[in-house]
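Q: Starting from the known structure of chain A, arrange chain B on it as the hints suggest.
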Amino acid sequence: MKLTFTIQGGDFTHAGHPSSEVKKVLKQLNIDNKIIKNVVIALYEAEVNVVAHAYSGTVNVEIDENKITILVTDEGPGIPDIDLAMKPGYSTASKSVQEMGFGAGMGLPNIKKNTDEMWLETEVGKGTKVKMLNYFA
Amino acid sequence: MKLREIAAVLNATISCGAEKLDEEVEMGYSSDLMSDVLTLDTDNLVLITGLVNLQAIRTAEMADIRAIVFVRNKKVNQSMVKLAHENGMCLLESPYSLFKSSGLLFQAGLKPIY
Numbered sequence: 004m005k006l007t008f009t010i011q012g013g014d015f016t017h018a019g020h021p022s023s024e025v026k027k028v029l030k031q032l033n034i035d036n037k038i039i040k041n042v043v044i045a046l047y048e049a050e051v052n053v054v055a056h057a058y059s060g061t062v063n064v065e066i067d068e069n070k071i072t073i074l075v076t077d078e079g080p081g082i083p084d085i086d087l088a089m090k091p092g093y094s095t096a097s098k099s100v101q102e103m104g105f106g107a108g109m110g111l112p113n114i115k116k117n118t119d120e121m122w123l124e125t126e127v128g129k130g131t132k133v134k135m136l137n138y139f140a
Numbered sequence: 132m133k134l135r136e137i138a139a140v141l142n143a144t145i146s147c148g149a150e151k152l153d154e155e156v157e158m159g160y161s162s163d164l165m166s167d168v169l170t171l172d173t174d175n176l177v178l179i180t181g182l183v184n185l186q187a188i189r190t191a192e193m194a195d196i197r198a199i200v201f202v203r204n205k206k207v208n209q210s211m212v213k214l215a216h217e218n219g220m221c222l223l224e225s226p227y228s229l230f231k232s233s234g235l236l237f238q239a240g241l242k243p244i245y
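For the record, the sequence lines run as chains A and B. Using my numbering, the letters of the first sequence map in sequence onto residues 4 to 140. Using my numbering, the letters of the second sequence map in sequence onto residues 132 to 245.
Calculated directly from the structure, the hints in this document are not laboratory data. Here the structure is a predicted model, which means the values were calculated and not measured. Among the hints, erroneous ones may be present.
[Stated by the list, open to error] Listed below are the simulated BS3-like cross-link pairs for lysine-lysine, each with C-alpha atoms no more than 25 Å apart in a straight line: (1) Lys30(A) to Lys151(B); (2) Lys205(B) to Lys151(B); (3) Lys213(B) to Lys40(A); (4) Lys37(A) to Lys242(B); (5) Lys213(B) to Lys27(A); (6) Lys40(A) to Lys133(B); (7) Lys213(B) to Lys30(A); (8) Lys206(B) to Lys98(A); (9) Lys37(A) to Lys133(B).
[To be verified] Stretch-level coverage of chain B by chain A, calculated; a stretch enters the list once three of its residues show a Cβ under 8 Å from a Cβ in chain A: (10) 151-165; (11) 168-177; (12) 182-193.
[Said to hold, decoys possible] Sample of chain A residues with no beta-carbon within 10 Å of chain B, all distances over it, derived: (13) Met4; (14) Lys5; (15) Leu32; (16) Tyr58; (17) Thr61; (18) Ile66; (19) Asp67; (20) Lys70; (21) Gly81; (22) Ile85; (23) Leu87; (24) Tyr93; (25) Thr95; (26) Ser97; (27) Asp119; (28) Glu126.
Glycine included, every Cβ here is placed at the ideal spot set by N, Cα and C.
Okay, chain A solo, but in the shape it has when bound:
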């Protein structure tokens, strides 16, 4: 099964819609609740990253019998130093993002924590790709 969503940079009102839809689908598939929570928290963090930092993004979800793979691709500023961005507490988020309850520098580390595998590819001035994989068992 494949699902695709688009994300607009700065649009906090709709942030979480793709995660919400993925949650519904996984529930229908009777996936373990703990795994669903891991998947949707990781996706939600990735969505918030796009909304907070990028101009636009897409979410591509692929679900098969054993696993879910999610690719979040954005057009945005990219990440100059990945090691720094992965460090808990490091953030470049604006004050307006912090007012929304985010921008604490926990997003990428929390994606790593909630996925079985995570890949990050970024090019400064172009954008960032985050691929997340969770197994169902």
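A: Only chain B this time, still in chain A's reference frame:
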């Protein structure tokens, strides 16, 4: 602790999910930072927050949190109630501060996560 007792202790009004008031929650977590809420491994908890926006509801949705108390007399809006209702959540509004709300609930036996 029943949500009904939490509402009573906090002198709270119920803005969504009145039918959930007999549900039990074991723990409480107070934060205005949703990033921190998303790092919790527990889910049988009530979130106590002064952050009144749609993302507080979304965060609770993703983290499987079924009840939120909004403190400092903040009022939830229609789109928050709609999203909370879709997700079967209970929303409470308390006139008390985050500190007072947390203190009263701790005293009444609600457990901290850490």
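Q: What are the numbers of the hints that this structure violates, sorted from low to high?
A: Result: no hint breaks.
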